[in-house]
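Asker: Letter by letter, the chains look like this.
2 protein chains.
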Amino acid sequence: MSLKTDIEIAREATKKPIQEIGAKLGIPAAELLPYGHDKAKVSQSFIDSVQDRKNGKLILVTAINPTPAGEGKTTTTVGLGDGLTRIGQKACICIREASLGPNFGMKGGAAGGGYAQIVPMEDMNLHFTGDFHAITSAHSLLAAMIDNHIYWGNELEIDTRRVVWRRVVDMNDRALRQITCSLGGVSNGFPREGGFDITVASEVMAILCLATDLADLQRRLGDMIVAYRRDRTPVYCRDIKADGAMTVLLKDAMQPNLVQTLENTPAFVHGGPFANIAHGCNSVIATSTALKLADYVVTEAGFGADLGAEKFMNIKCRKAGLAPDAVVLVATVRAVKMNGGVAKDALGTENVAAVQKGCANLGRHIANLKQFGVPVVVAINHFVSDTEAEIAAVKSFVKGEGADAVLCEHWAKGGAGTEDLARKVVEIAESGMAQFAPLYRDDMPLFDKIERIAKRIYRADEVLANKSIRDQLHQWEQQGYGNLPVCMAKTQYSFSTDPNLRGAPTGHSVPVREVRLSAGAGFVVVICGEIMTMPGLPRVPSAESIRLNAEGQIEGLF
Amino acid sequence: MSLKTDIEIAREATKKPIQEIGAKLGIPAAELLPYGHDKAKVSQSFIDSVQDRKNGKLILVTAINPTPAGEGKTTTTVGLGDGLTRIGQKACICIREASLGPNFGMKGGAAGGGYAQIVPMEDMNLHFTGDFHAITSAHSLLAAMIDNHIYWGNELEIDTRRVVWRRVVDMNDRALRQITCSLGGVSNGFPREGGFDITVASEVMAILCLATDLADLQRRLGDMIVAYRRDRTPVYCRDIKADGAMTVLLKDAMQPNLVQTLENTPAFVHGGPFANIAHGCNSVIATSTALKLADYVVTEAGFGADLGAEKFMNIKCRKAGLAPDAVVLVATVRAVKMNGGVAKDALGTENVAAVQKGCANLGRHIANLKQFGVPVVVAINHFVSDTEAEIAAVKSFVKGEGADAVLCEHWAKGGAGTEDLARKVVEIAESGMAQFAPLYRDDMPLFDKIERIAKRIYRADEVLANKSIRDQLHQWEQQGYGNLPVCMAKTQYSFSTDPNLRGAPTGHSVPVREVRLSAGAGFVVVICGEIMTMPGLPRVPSAESIRLNAEGQIEGLF
Numbered sequence: 001m002s003l004k005t006d007i008e009i010a011r012e013a014t015k016k017p018i019q020e021i022g023a024k025l026g027i028p029a030a031e032l033l034p035y036g037h038d039k040a041k042v043s044q045s046f047i048d049s050v051q052d053r054k055n056g057k058l059i060l061v062t063a064i065n066p067t068p069a070g071e072g073k074t075t076t077t078v079g080l081g082d083g084l085t086r087i088g089q090k091a092c093i094c095i096r097e098a099s100l101g102p103n104f105g106m107k108g109g110a111a112g113g114g115y116a117q118i119v120p121m122e123d124m125n126l127h128f129t130g131d132f133h134a135i136t137s138a139h140s141l142l143a144a145m146i147d148n149h150i151y152w153g154n155e156l157e158i159d160t161r162r163v164v165w166r167r168v169v170d171m172n173d174r175a176l177r178q179i180t181c182s183l184g185g186v187s188n189g190f191p192r193e194g195g196f197d198i199t200v201a202s203e204v205m206a207i208l209c210l211a212t213d214l215a216d217l218q219r220r221l222g223d224m225i226v227a228y229r230r231d232r233t234p235v236y237c238r239d240i241k242a243d244g245a246m247t248v249l250l251k252d253a254m255q256p257n258l259v260q261t262l263e264n265t266p267a268f269v270h271g272g273p274f275a276n277i278a279h280g281c282n283s284v285i286a287t288s289t290a291l292k293l294a295d296y297v298v299t300e301a302g303f304g305a306d307l308g309a310e311k312f313m314n315i316k317c318r319k320a321g322l323a324p325d326a327v328v329l330v331a332t333v334r335a336v337k338m339n340g341g342v343a344k345d346a347l348g349t350e351n352v353a354a355v356q357k358g359c360a361n362l363g364r365h366i367a368n369l370k371q372f373g374v375p376v377v378v379a380i381n382h383f384v385s386d387t388e389a390e391i392a393a394v395k396s397f398v399k400g401e402g403a404d405a406v407l408c409e410h411w412a413k414g415g416a417g418t419e420d421l422a423r424k425v426v427e428i429a430e431s432g433m434a435q436f437a438p439l440y441r442d443d444m445p446l447f448d449k450i451e452r453i454a455k456r457i458y459r460a461d462e463v464l465a466n467k468s469i470r471d472q473l474h475q476w477e478q479q480g481y482g483n484l485p486v487c488m489a490k491t492q493y494s495f496s497t498d499p500n501l502r503g504a505p506t507g508h509s510v511p512v513r514e515v516r517l518s519a520g521a522g523f524v525v526v527i528c529g530e531i532m533t534m535p536g537l538p539r540v541p542s543a544e545s546i547r548l549n550a551e552g553q554i555e556g557l558f
Numbered sequence: 001m002s003l004k005t006d007i008e009i010a011r012e013a014t015k016k017p018i019q020e021i022g023a024k025l026g027i028p029a030a031e032l033l034p035y036g037h038d039k040a041k042v043s044q045s046f047i048d049s050v051q052d053r054k055n056g057k058l059i060l061v062t063a064i065n066p067t068p069a070g071e072g073k074t075t076t077t078v079g080l081g082d083g084l085t086r087i088g089q090k091a092c093i094c095i096r097e098a099s100l101g102p103n104f105g106m107k108g109g110a111a112g113g114g115y116a117q118i119v120p121m122e123d124m125n126l127h128f129t130g131d132f133h134a135i136t137s138a139h140s141l142l143a144a145m146i147d148n149h150i151y152w153g154n155e156l157e158i159d160t161r162r163v164v165w166r167r168v169v170d171m172n173d174r175a176l177r178q179i180t181c182s183l184g185g186v187s188n189g190f191p192r193e194g195g196f197d198i199t200v201a202s203e204v205m206a207i208l209c210l211a212t213d214l215a216d217l218q219r220r221l222g223d224m225i226v227a228y229r230r231d232r233t234p235v236y237c238r239d240i241k242a243d244g245a246m247t248v249l250l251k252d253a254m255q256p257n258l259v260q261t262l263e264n265t266p267a268f269v270h271g272g273p274f275a276n277i278a279h280g281c282n283s284v285i286a287t288s289t290a291l292k293l294a295d296y297v298v299t300e301a302g303f304g305a306d307l308g309a310e311k312f313m314n315i316k317c318r319k320a321g322l323a324p325d326a327v328v329l330v331a332t333v334r335a336v337k338m339n340g341g342v343a344k345d346a347l348g349t350e351n352v353a354a355v356q357k358g359c360a361n362l363g364r365h366i367a368n369l370k371q372f373g374v375p376v377v378v379a380i381n382h383f384v385s386d387t388e389a390e391i392a393a394v395k396s397f398v399k400g401e402g403a404d405a406v407l408c409e410h411w412a413k414g415g416a417g418t419e420d421l422a423r424k425v426v427e428i429a430e431s432g433m434a435q436f437a438p439l440y441r442d443d444m445p446l447f448d449k450i451e452r453i454a455k456r457i458y459r460a461d462e463v464l465a466n467k468s469i470r471d472q473l474h475q476w477e478q479q480g481y482g483n484l485p486v487c488m489a490k491t492q493y494s495f496s497t498d499p500n501l502r503g504a505p506t507g508h509s510v511p512v513r514e515v516r517l518s519a520g521a522g523f524v525v526v527i528c529g530e531i532m533t534m535p536g537l538p539r540v541p542s543a544e545s546i547r548l549n550a551e552g553q554i555e556g557l558f
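If you read the sequences in order, they're chains P and C. Numbering-wise, UniProt numbering puts 320 at position 320 of the first sequence, and it's gapless, one number per residue. Numbering-wise, UniProt numbering puts 133 at position 133 of the second sequence, and it's gapless, one number per residue.
Some clues are possibly wrong.
Same chains, same label: a pair holds when it works inside one copy or across any pair of copies.
With a straight-line cut-off of 20 Å between C-alpha atoms, the simulated SDA-like cross-links for lysine to any residue are [as the list claims (entries may be wrong)]:
1. 15 to 29
2. 16 to 36
3. 241 to 106
4. 292 to 430
5. 251 to 545
6. 455 to 159
7. 107 to 459
8. 395 to 68
Hints were generated in silico from the structure; no laboratory data involved.
Turn these sequences into a full structure, and let the hints steer you where they fit.
Answerer: Here you go:
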């Protein structure tokens, strides 16, 4: 069998006009703002008009800790959406948008893979509907207005050493990580240090993804802290008077983007915050709107369940009043084997013992997810190299944990390969088993929230933080920020802060290196390890081979 | 009479679905890529399909030297398009896109004014169809790839002091004019000086506006000089291998944007290069495509005729093989009076003598335009304060110069106010009087080209340039760039390089401060005076009052 690449499969897709896809969700053509013939934004007026409707069921797709073997979380999200459609459910998928910049370093990502993909793939990896450009513009405007305020007399008495609002660009540009700006004399301002992050790391991105409407968006933008004075009091975006114009720049970007799977299932692809210094989920407005329009909404969270699902539950669901009805935990036999200690180049050989050992990682995620009161089903994303005995070992283990594991073949078969999973998901979602509750209360002290996650999710013995960090947390509590959730930034490769510790480590400590307040997004970022907010390009960037071929098709992007 | 503002008039417009506007030009709906319901891009495949058609007539709208009184060049362009439609011609307008950043400093510009406007005004002043964001991305990618090349070993031996490719952002951000980048240690690269321009100043913008198709675009991008080695040999974009990926980023931006006037005349709004360091015209692809689809294409050039029309003729027409059939030279009685020495606050008082004196400016532009072999008609853009005697004085003067002046009332009446102008334009365009030729041959030495423009257009006595500038021009000639046209960057307020010299100054010199090679765009920029490529924000930026009102409309942008 000669296998087709993702892009070959995507190019063969029979896309329906986006108005037909919208019609599946009951969206009239006039309420869709088309971007070409296969993408559209859903109008704010239509979103407003469906608010009184009853919600459909919300299904979260998450995964075990990622390994180089690949798990296929997005692929399973897409496949499940198609599978639900095939068994007669009105389904909608909600995933994040891709960042432009990184595509020019490594090859760009498809949204899904094989026969479980969302299209149009090229557009989604390039400018799409311009949301990220709008975020970059809004972020850049605030940056320019801060320095302009200082230039014209600095009435707000900003300490130029304590401007915390960096600049952003949607490009991997390490040369901009640390700069000095406003050089060149009187007419260019007061020289100071600064730097750029990649756009997805912007607090504006996190806010766009958490805001419930344009008024909430503007309020949150206004709440952002952009600098401090010499007396350490904060200067807000609202003080700079940038919040109104930023909202105007973001008004279109706030509308969810509608596209489709290869099997024409509707998909909202909207928002894309970092999964470390932010919460890593698609927008609240997309998920909330989808719940009004579909019986089943399938969405995913960033990284593994220890980071992604935890933030989905404790940040997104808490803030947006959402409650998942079931969680699908994705694993591959290969990734379980890597968790069991097998090297990447030995994954092709049957190794049931390693599977059994690696299931410890899977088991801990199942137990963790149950703490949120949500039923779990494991999706085994099938690879051709998986053996019967290995699959049986995973199923047997999962059964022992009080859950079911379902073999899925969406990569090779599309929605036909996930009908069993879809039926299982419907069974548990309809059962009403879910009794969702976040892991901690709003009024718990910030440090206790960190400890709760470290002990209950990471299964660490302790959290290490020096006095200055604890003092900072106390100060924020005194300033009224104590009720915020915490947003953990640690490696996605391990339950611990050591990326090499696979499986289900115990006895470890979680050292907190730094804490940051995202006052507009509404969370305290807790940084445990090195976090890179501006990637660089590799020695041979993929951009060098990206080009249009003679047929006008894009080569080298995938 | 209570006068309505431009935005009030625009909001009352009855826009037709963009497919109907496309149909007026014979574009099938399937060949339009809609952006919402009132904007669309014209597909490359459709553009390819009309290449064998005969061209319509090309009408250039230009103006006398701008004054604070305002001339209304774009308003007249729009009004003439509507007027031509009203008298039964199949007309299409071609103008530039607006830059996003400056709207947050001063209030944003409408495209036209009064009852001669192009809509949707808000979108056109914000993200529109994302073209400028695509240009920013393509520019930024090349910048990142240059520093990345240096970081990974600098195989091309770039002299880091001679990287001439600056960065861009579509925002007025003076703090970025001059920076040091790559600070922070080994992992961030080799510290060097750099800086940002505003996006419209990017050579990528000029190239997008001059390229005839995607292959030409990529070739030109590859030709751009990004840095020099220690031995002063140039390093090209092609050496960095960024041209293919940049073309991919720009493929949608290359397609012209279709919108409409208040009277539903089709308008292509596409591209927006700087009018000083670049040629200041909308894209060649928009103009060329419009000529295949309409009987009359009305377009405009930046600034006054001494800069805008000269570059339109000597750069755009020469490069694209276009030939204007008539030129409309826009003047207002008020602006003529300012050229005659009247202060702005005295413009409301009748002053026929000042009109007669100020006509010298008008007269010189008429004579200049005739040198290109193109017939000229003067459009007097009517203001309510104009008196009969003043209008008569302008008409009488123009008659003496061998041309006609037509009073236009499009601001108050839309196309009904330009029917006379439209009829006059048709008369001279159909007469076949035009015998277009550029002002100089390709093979004339670069310095002689500068002198030709300075003496024939600015009517200067001499061009002053020191030896290093003359040597630089000779060097480029030896490198094979001698056949390029020159792109003059001087003040738009005067024929001379002194912005305060209104009227028709003589006896002046043109000092050349600097020359720059835009090898991809294909011209040598000749800088005579201070040129600002990154504007700043004013003390109270308009952004402070831009916001969404309770109805979701944008306030403060206009």
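Asker: Could you run down the list of hints and mark each one as holding or not?
Answerer: So, going through the hints one by one against the coordinates:
no.: 1; hint: 15 to 29; verdict: both (17 Å within a copy, 17 Å between copies)
no.: 2; hint: 16 to 36; verdict: both (12 Å within a copy, 18 Å between copies)
no.: 3; hint: 241 to 106; verdict: between (39 Å within a copy, 15 Å between copies)
no.: 4; hint: 292 to 430; verdict: within (17 Å within a copy, 60 Å between copies)
no.: 5; hint: 251 to 545; verdict: between (35 Å within a copy, 16 Å between copies)
no.: 6; hint: 455 to 159; verdict: neither (39 Å within a copy, 53 Å between copies)
no.: 7; hint: 107 to 459; verdict: neither (35 Å within a copy, 56 Å between copies)
no.: 8; hint: 395 to 68; verdict: neither (22 Å within a copy, 79 Å between copies)
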